[in-house]
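Engineer: Sequences listed follow chains X, U and H, in order.
Under our numbering, the residues of the first sequence are numbered 1 to 167, in order.
Under our numbering, the residues of the second sequence are numbered 1 to 589, in order.
Under our numbering, the residues of the third sequence are numbered 1 to 617, in order.
Derived by calculation from the structure, the hints in this document are not laboratory data.
For glycine and all other residues, C-beta sits at the position ideal for the given N, C-alpha and C.
Incorrect hints may have been included.
[Unchecked claim] Cβ-Cβ distance ranges computed for the label pairs, FRET-style:
1) Ile-111/H - Ile-4/X: 48 to 58 angstroms
2) Leu-15/H - Glu-55/U: 51 to 61 angstroms
3) Lys-182/H - Asp-70/U: 26 to 36 angstroms
[Claimed, not checked] Heads up, simulated DSS-like pairs for lysine-lysine below, C-alpha to C-alpha not over 30 angstroms straight-line:
4) Lys-140/X - Lys-382/H
5) Lys-48/X - Lys-78/X
6) Lys-140/X - Lys-200/H
Residues per chain are reported as follows:
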Amino acid sequence: MGKIVITKEKELLLRKKIREHKQKSGPLMPSLHDAQEIFGCIPLEVQKIISEELKISVSKINGVVTFYSRFSLEPKGKHVIGVCLGTACYVKGSQAVLDEICNTLQIKVGETTKDELFSVEATRCVGACGLAPVFTIDGKVYGHATVQSAAKELRRIIDWETGTHEN
Amino acid sequence: MSTVKIWIDNQEMEVPSSYTILDAANDADIYIPRLCFLKDISETSACRLCVVEIEGLNTLKNSCTVKVWDGMKVHTHTKRVNDTVRNNLKLLAANHHFECWVCHREDNCELLELLRRYNVPNTMGENPTFSKKTHYRNISKSLTIDTSKCVLCGRCVSACNYYTGLGILDFNQRGFDTYVAPANNDFIDDAGCIYCGKCIQACPVGALSATSDEDLVIDYLNNDDYYVIAQIAPAVRAALGEEFGNPIGTNVEGKIYRALKKIGFDDITDVNFAADVTIMEEGTELIERIQAHLQGKEAHLPMFTSCSPGWIRYIERYYPEYLPNVSSTKSPQQIQGALIKHIYADMINVPKEKIKVVSFMPCIAKKDEADREEMKDEGVRDVDAVLTTRELARIIKRFGLNFNNLKDYKPESPLATYTGAGAIFGTTGGVMEAALRTVKVFLDKEDEHTIDFTEVRGKDAIKEADLVLNGKTYKIAVVHGAKNFPEMFRRIKENPNKYIFIEFMGCEGGCINGGGQPIVSSRDRETIDVCQLRAKALYTIDAENKIRRSHENPNVVSLYQNYLEKPGSHLAHKLLHTTYSKKEVFGKK
Amino acid sequence: MKTRQDLNKIREENLKQIKLLDDTKYRVVVGMASCGLAANADLTYDAIEKEIKERNLQNITLTSVGCIGECALEPIVEVYDKDNNRYTYCSVNERKAKEIVNKHLEQGEIIYRYLIDNYKLLIDEDGNKYEAPKYQYRIALKNCGIINPTKIDQYIGLDGYKALEKVLFEMTPEEVIDVVTKSGLRGRGGGGFPTGLKWKFTAANKGGQSFVICNADEGDPGAFMDRAVLEGDPHAVIEAMIICGYAISASQGYVYIRAEYPLAVERLQHAIKNAYEYGFLGENILGSNFNFDLEIRLGAGAFVCGEETALIASIEGERGMPRNKPPYPASSGLWGRPTVINNVETFANVAQIILKGADWFKSIGTEKAAGTKVFALGGKIKNTGLLEVPMGTTLREVIYDIGGGLPNNKRFKAVQTGGPSGGILTEAELDTPIDYDNLIAKGSMMGSGGMIVMDEDNCMVDIAKFYLEFTVEESCGKCTPCRDGNLRMLEILNKITAGKGTMQDLEDLRELALMIKDTSLCALGQSAPNPVLSTLDKFYDEYLEHVVNKRCPAGVCRDIAKLVITDHCIGCGKCLRNCPVNAISGHVKQRHIIDLNICVACGTCKPACPVNAIISV
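This is chain X alone, in the form it adopts within the complex (with noise of 0.2 angstroms):
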């Protein structure tokens, strides 16, 4: 797993941050998502910092950041794929895009690819049941998936990975 770091740059923007929650009641929850989005992760190091601000123990931050799926320990790949395990797009065989997208890149779900570009998500509904089943890459919704369509925008973006590599 990637190690994040933590730049004296980050850290006062959340500190700033934190201390305007601090105006309001209740400022662990906005505090946590500011960080989610300032450090992609909120491990034990950022979780300091929220302690030290907010006076707060770690142990409870860490309960809330570990009980909440949108905030994680550890960084996410460059890219993140999730795809919708909600009732319309299961019941129209999402299961099968995700299997076909862990088994492409040789990860579970939740996991990040060794080298740290992809990390694949079971989402929760996204709200394009419309669209059913629908994956997502990097927030990008793709509608009416097949184990094909999935397969076909995985392998555009890693050999565009792989292409930048070689560069």
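Given chain X's structure and the hints, the job is docking chains U and H onto it.
Structural biologist: Quick look at chains U and H alone, frame taken from chain X:
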């Protein structure tokens, strides 16, 4: 107080409207099982074992937090309730790692008691269809967390917050993956824990325990090369009896001495003696600081006591800027160890390398304290092993002793003599009171030399009192229970010159309620003031002692005459004083 | 800060624009909610804008709007003309967009072949108009797809914030609660608790701070009603929350919305900002002495936070673990203060009720369930989308008349309502009029509005497993029955779908399910066994097939499913091309075969077959 009329199992009763169903059932002596409930501390209604049927409601309700209402009709033992409790117990059992025989809760496990009472077969646990949760272990010198035993009742999490305000233990992950540990199961020693052990006492099972050194001690005893010396802490004698069915607050000092002798300790000493020495050193230190202060020098007042290792861990982590205020005097356990290794060894003609000092303590932080880098001299540890009161009970049981039938015994070692002042070290206010008895004599020649300083006794979280020395009034304070420390510091910061001396103890009630003491069942905790009963035993020892001031202990007097010269001497400093340093929480990463 | 006179002026001007009462010739709207954007509606919008510009067309307004409701046919473009006609073009890509501008907007020529199927019924090629299907009735979705959600003026134009004015200046808090109570409005989030009563209980505890919370943590897989409202008409929710605040004397509101809805969050933020600028939020609202602040709080991916006490815990910065009830939030909610929590759709009804009265609202729907309900219709259905029908509409009407029935001539098997908390309804139950009590009586529940249609290719044991997997993953882990019991049920289901189940397993499954339902701490746990119980009740034969004959009739459960190609095969090769593991072989125009040693029974080939020649045995 308004009351309502309710029926439990067709029994009509009138109860206060503030009551929960469980309160009402308790009053009526109707048994309702419970697991996650610790009155006032953990009321999360998570375990679903105290469920009852309420007429008119679709689902079962938990009785621990649901308040009564007028006309409520409750049924506690219908088939539906009974089946539910059994099924929930089956679920809990399926995920519990049973190794009861090595578990320190073998005799008082609340889960086991329920499984027995409801005759629950562990069919699910033995069926390979069903997976087991991931087990996490986290073992430090003082504390062992073993999540394979955990039933996720959350009592430890609540207790940690309730007693320390530190929130060291919390839930990690969610759903079936949930486990209780410090953040990400990071090493507990690094997580800011002060080892008060309140989590152990809150735990209904053996998921949390003192890290055991029983086998180590038995190895010492079985090794003829070693000369094994025991020392027992003040609070142990007020509580050990509970492990053998005696009422809370029974003083079993004589039986402990006898038991230790039978078990095979070569020599038996008492930490109360070291407590008297502590007063000599700490009292002198206080006097020096007051005098320095009067001369306008930097004196780091108020001075803080240093006996409670939980407190030391606390200040090193959370208020390190106040470390210069902490008395440099070691705690009685360490003083006794140092005296044994470096002075007593010569007296009894045993090479100090061959001596093993074993402490019996009401505290789990003492294990960590004995292990501190600072706690050795000339490469020799002051203390070699620390066992809790509970571990002592287990060892006594292991040797098959009939504890209650043991004849009282009094050890002969001079290090087993003590004054009333040494005895009360084990309760909140005790260190302060013992110090005041001596300091008064030393500093205030005109006073009639009060013995009882009752204003520092009792269970108020922060007790303040005036100390009059030569007509000048000083403020002293006593605080116990880590959750009250921030308030104490707030008062200090608000008025830095207000206090001259403050006693801090990590546990509410002091050592008598330490994390190594016998576990009182969650139900007894609701009705019995454990601290008060155990403290009473210590105050009785004090009151019945002919000598009640530390400096009047004849063996302490001769210790200084023959070896240490005077309190605060060069040798006293070398052996009996220590240093502290700032520690970062989650700093090892 | 606007005065009431300002508002009247805005109202008048915008109404004119929207209703084409000014010199506007056509009003063109593009559905640009999440699913529209996922289908590249932004490109469509740009293409129309560019084309209008290039052709220099005048008196045409182009507006981006929220969800129009026909999700499967995005991007959707609608053209309104002066005669109040509405033409719905579907699947409008850039090429079609240009054509619509060119033909319809410039030359006035309707392009019938691009119009949505449903609406072809409304206007045929000869220009005859027909009645719209009677079923849909929009209250909560009144403005969705009609106004631009980022333009507060357009909301105001369609009577927006009029209810707030009425409340602040003409009604006492008690009167507001009274109207809401009398209207019969019940919670649309699933519970169906009477909204007025909830407000009344909370108001009874006033004195000190109280709170209004909007639950927008829509987590049911397959449901997107709340997202559509927030993306399409955010002010409707804001207005209602202010009204609620007035009714219960609360001065602070929170919208707890899932972070997975970035567009809804963005639009809501924008709307709140506008509402502050106009003086609908903040101090002395519209010159009255009522103050109300509103903040957004983001969820973070925990389904259980849709449960109100868990949601409160989450706002407070805790793990989203439910708390025992009683005490209810009405007496002890956020930070221990009296709190009203209603969901998005519930709030979206409030302003209309205030404006049109309790009797009007009561006249819609059924006696026990007044008003309408929004459903997100999905799964094996032709017209996947969002719809709003009066309570009491039957499932059959929704699925066949509005939804258009099942695609590919597949046989209807079941419809699932209520998400992971709900149950399965069968063919025999399709004539059930939809309301809270009826659905519960049939072993399901209304839920928040997800409605998933399943056909013969869906295995009911697998579906039960799917929902249970969801619940197991989303269980907070606090109480024993939900944390441990649901996993144990799932493990039994895994055993059954692997062909290793026994009859004892079926008994154990039911016993566990009933116990979990009876004793779990919160509604999530209490309802988690519903999908299992309802499939056990209604598709017991299918369970038996799995257990006794080790066979999955729908061909879904991989360990036991066997897929074969019948002699209906026309040899088109579509299955072969779609098979991810190359298990299918065959020559063109000859019957293909599946090599069962290679086949992983993923089922990809089944829908690919144009003649339904692939079946499971």
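Engineer: To test your reading of the hints: which numbers does this structure violate?
Structural biologist: 6
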